[in-house]
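Residues 1 to 422 (full-length UniProt numbering) make up the sequence shown, in order.
Source of the hints: derived by calculation from the structure; they are not laboratory data.
Just so you know, not all the hints are guaranteed correct.
[Unchecked claim] Estimated spans, in silico, between C-beta atoms of each pair:
#1 P123 <-> R338: 52 to 58 Å
#2 R315 <-> D138: 26 to 32 Å
#3 Q46 <-> Q345: 25 to 31 Å
No residue lacks a Cβ here, since even glycine has one placed at the ideal position from N, Cα and C.
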Amino acid sequence: MNSVFLPIKDLEHLTTPAEPTPTELGQRSSARPRTSSQLLHMLSRQLPASSAYDITVTLLTHSGEAPRLSSRSREDWSYHVLSDPTTWLQTHVERVFRSWLPYVRFRFYSQRLYAVDIEQLGPSRLSENHTYRYYTRDDLSTVVNQLESYLGAPQTASAATRDMAGTKPGLHLILLLAMPTSVTTNQSDVPPVVECPRPLRFYLPSSTGSMAVTNVAVVPQWGGLFSIDAPSSCSRSAGVAATTGRQLVTVIRSLAGLPEPVELSTHQFNPRVPLNGRLGEVDHWELDEWFLKRTVESLLAVRMTMTALVDLLSRFPNMVINDHVATEVARSGRVWARALDDLRQMNSRNHSVGLGEIFTRAQDSLESINSAFFDHSLLGRLYFQDDQKYGIYVPLFVPVGVGLLMSTKNAFRIMFPRESST
């Protein structure tokens, strides 16, 4: 895990609208800067394609958190988000992904961990000028590994038969709030002293190879850690709610696999110039590119899974296929062929099916074949012929039988000892 952490600065340009540059007279381009090969390798480990993503936002503070210091601090965002983060998530994060509906749904959950201090999971280091604390890449690997036992699964499993093949992809977004702490004194008449913690940072290598100090650490296919400084009573940071929301949106977009815009001459997309004031929001042309890419990935995954299932049945001819598995395989093949036909007819003027609908069909086909491939009845109905039984059961029971015979022999020696001849 210590090789996959990267700072937020390497991802922010993916969601920042680039300034359109003139190419030819009357034309504008929205090309964005290319990333390095190292960053492309990082972003290749993104979440798999799915019709739903479960995002779990976890709040984590110090165990000795102090109460609100003054009436002014009651209006601070940190205290509001600790009591109820739902409003902030809906306003700054969840609304950005509503444009993905009805084809892709982002479901947000929130939780707060009590009596869990990040310093107990892994002690941080103190900077040379004693102004902030920080974690290195190796330190974060230890912290994340120990933190996972408290988080639980980032997604919710369904009891439906088709969903048991695999739960929906999910992300863990950890908000590390540096809240003021109260320190009690030995004197009973002296009130507790409130201390403001030092800011927490992450010391990670950037895409250029140099080390960068950032407040966000991203773990591909897992989530990210966001360090938030102390509230207004300890610092003068402004706009924390909006800044943190943009950071969460940036990480979710990048880990969901939202690609950079490329010119595709075979399909007609909406105008490619991003609208001002829509930082983090997804335009129609971006969704079309994402749907097209993910549709191809899903169709290839269906073909690979179908090939693996056929190969499995050819290796084990005694495996019985029940009606449910046969129905799912046939259904996956029909939907897969229909999705291919829709892609083939994209350039037709009479074709009215959008890329979102084609993506939904590809996902439906993938879920059907996965449900068939991972069905437990494939092993439950596996039987062996008479000439194969000895080859299977003898290696299993011979080691146990030898020990059982030896123990029985020793028991008889103890119960019926032989008289020694003198």
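Verification of the supplied hints:
1. P123 <-> R338: 52 to 58 Å: Hint holds: Cβ distance 57 Å, inside 52 to 58 Å.
2. R315 <-> D138: 26 to 32 Å: Because 43 Å falls outside the window, the suggested range is violated.
3. Q46 <-> Q345: 25 to 31 Å: holds, 29 Å
Violated hints amount to a single one, hint 2; each of the other numbered hints is respected by the structure.
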